[in-house]
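With chain L held as given, fit chain P onto it using these hints.
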Amino acid sequence: MSKTLFNSGHTACAGCGQSLAARLVIDAAGPNTIVANNTGCLEVFSTKYPETSWGVPFIHSLFENCAAVASGVESALKYLGKADSINVIAQAGDGGTADIGLQALSGMLERGHNILYVCYDNEAYMNTGIQRSGLTPFDSNTTTSPIGVKSTGNIRPKKPMPEIANAHGIPYVATASVAFPQDIQRKVKKALSIKGPKYMQIHVPCPLGWRHETNLTIAVAKLAVETGLYPLIEYENGILAAKRQITPKPVEEYLKTQGRFKHLLKNPDEIKKVQEIADNNIKKYGLKVSEATN
Amino acid sequence: MFGPLTCKPGSSRNNKTGPWRTESRPKFLKKNCIACNMCLLICPESCISGEGKNTYDFDPDYCKGCGNCARICPKQDIEMVKEDSKE
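Chains L and P, in that order, are what the protein sequence lines are. Numbering of the first sequence is given in the numbering used here, commencing with residue 1 and proceeding in unit increments. Numbering of the second sequence is given in the numbering used here, commencing with residue 1 and proceeding in unit increments.
Check before you lean on any hint, since a few could be wrong.
[Unchecked claim] Derived DSS-like pairs (lysine-lysine); straight-line CA-CA distance at most 27 Å:
#1 K222(L) with K53(P)
#2 K272(L) with K159(L)
#3 K8(P) with K48(L)
#4 K82(L) with K190(L)
#5 K158(L) with K288(L)
#6 K27(P) with K75(P)
#7 K82(L) with K8(P)
#8 K75(P) with K222(L)
#9 K82(P) with K27(P)
#10 K222(L) with K273(L)
#11 K272(L) with K288(L)
#12 K189(L) with K78(L)
#13 K16(P) with K48(L)
#14 K53(P) with K3(L)
#15 K262(L) with K222(L)
#16 K27(P) with K3(L)
#17 K288(L) with K243(L)
#18 K249(L) with K75(P)
#19 K284(L) with K158(L)
#20 K158(L) with K256(L)
#21 K30(P) with K53(P)
#22 K262(L) with K272(L)
#23 K272(L) with K222(L)
#24 K3(L) with K75(P)
#25 K272(L) with K150(L)
#26 K82(P) with K30(P)
#27 K222(L) with K256(L)
#28 K8(P) with K3(L)
#29 K272(L) with K243(L)
#30 K284(L) with K256(L)
#31 K27(P) with K222(L)
#32 K256(L) with K150(L)
#33 K3(L) with K16(P)
#34 K31(P) with K3(L)
#35 K189(L) with K3(L)
#36 K273(L) with K284(L)
#37 K3(L) with K30(P)
#38 K190(L) with K288(L)
Simulated from the structure, these hints should not be mistaken for laboratory data.
Next up, chain L with everything else stripped away, as it sits in the complex (with noise of 0.2 Å):
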């Protein structure tokens, strides 16, 4: 067996994208790590009282004050004087972090405290039911924003939250996604060596809520970045400093591998609206490789 910090018997469902990831942080942040973490399946499935998977101090916080949690952590350490041998990460779903979490991260990233926070992006409320978020993209469907007659799916475009978290002058911001586990420990790797606050968010493909088979987990993340519909970028003081360049394909290889965007494929004009988000992404963040020679 492997030594790793994230152990089997957890619970998540086959093929869960954000298990995985967990894993992937918490190996490249080592064993000197608290770990905040707020509601929401990640909490749900790896500790299941009285077990847990984490090998690593672990304190669930309530949905909102994961990132308020995280910062008394940290002054405490601060206090203890042991500031600088322990990381503090705070992590949450994509509900916790762009809806009701939204002001702690604030606070957290206002205040300066030096925590990575990581956001596992899954696109909706998985743990309770696939209830659309401010981080569910467009036109998706879930079980608050269905398809029928008058409705394909949600009606809004992604929080652009990487953009919000930056807005607070950090250091570090990126996103990073599980189809590039060794970009994601890098990333990791390179948050914790900078100080002060940090923001992380990663792409985890979600079988259950997006409906796909569970092999699939990889390939349809994979299928996200080169579409160019999850941009994989970082932020260093404000300034784009890389990004992964991509030859664009069109969003329906993405879409089609995925139930909740089932409805769109017999309409073409819904389809043109998704591409034009990706073509938006390319255009913005330069992901098109050509205009890296230029």
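Frame of chain L; chain P shown alone:
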């Protein structure tokens, strides 16, 4: 207070999730493995271990049979076989 609300690190290993597999399980052929480590990195159950070529294998006590390892292997050295097969 109803007693200590803390748990021992890694105690979820008591919870064997192997019986969750419904259809198939991975079979590591151990022929063309190049030790790229991808199967280990992307296993959602952290139940794959190995170091060096052709040594990787999975832990049937925890594998839920999602099949991502078989899909990501660049050498097709992992295949999914039916759960009840004797292979």
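Structure-based check of each hint:
| no. | hint | result |
| --- | --- | --- |
| 1 | K222(L) with K53(P) | holds, 26 Å |
| 2 | K272(L) with K159(L) | holds, 20 Å |
| 3 | K8(P) with K48(L) | holds, 12 Å |
| 4 | K82(L) with K190(L) | holds, 20 Å |
| 5 | K158(L) with K288(L) | holds, 21 Å |
| 6 | K27(P) with K75(P) | holds, 13 Å |
| 7 | K82(L) with K8(P) | holds, 23 Å |
| 8 | K75(P) with K222(L) | holds, 19 Å |
| 9 | K82(P) with K27(P) | holds, 10 Å |
| 10 | K222(L) with K273(L) | holds, 21 Å |
| 11 | K272(L) with K288(L) | holds, 19 Å |
| 12 | K189(L) with K78(L) | holds, 21 Å |
| 13 | K16(P) with K48(L) | holds, 13 Å |
| 14 | K53(P) with K3(L) | holds, 18 Å |
| 15 | K262(L) with K222(L) | holds, 19 Å |
| 16 | K27(P) with K3(L) | holds, 22 Å |
| 17 | K288(L) with K243(L) | holds, 10 Å |
| 18 | K249(L) with K75(P) | holds, 25 Å |
| 19 | K284(L) with K158(L) | holds, 15 Å |
| 20 | K158(L) with K256(L) | holds, 19 Å |
| 21 | K30(P) with K53(P) | holds, 8 Å |
| 22 | K262(L) with K272(L) | holds, 15 Å |
| 23 | K272(L) with K222(L) | holds, 21 Å |
| 24 | K3(L) with K75(P) | holds, 25 Å |
| 25 | K272(L) with K150(L) | holds, 18 Å |
| 26 | K82(P) with K30(P) | holds, 18 Å |
| 27 | K222(L) with K256(L) | holds, 14 Å |
| 28 | K8(P) with K3(L) | holds, 16 Å |
| 29 | K272(L) with K243(L) | holds, 25 Å |
| 30 | K284(L) with K256(L) | holds, 25 Å |
| 31 | K27(P) with K222(L) | holds, 24 Å |
| 32 | K256(L) with K150(L) | holds, 21 Å |
| 33 | K3(L) with K16(P) | holds, 18 Å |
| 34 | K31(P) with K3(L) | holds, 25 Å |
| 35 | K189(L) with K3(L) | holds, 18 Å |
| 36 | K273(L) with K284(L) | holds, 16 Å |
| 37 | K3(L) with K30(P) | holds, 21 Å |
| 38 | K190(L) with K288(L) | holds, 25 Å |
When held up to the earlier numbered hints, the structure conflicts with none and fits them all.
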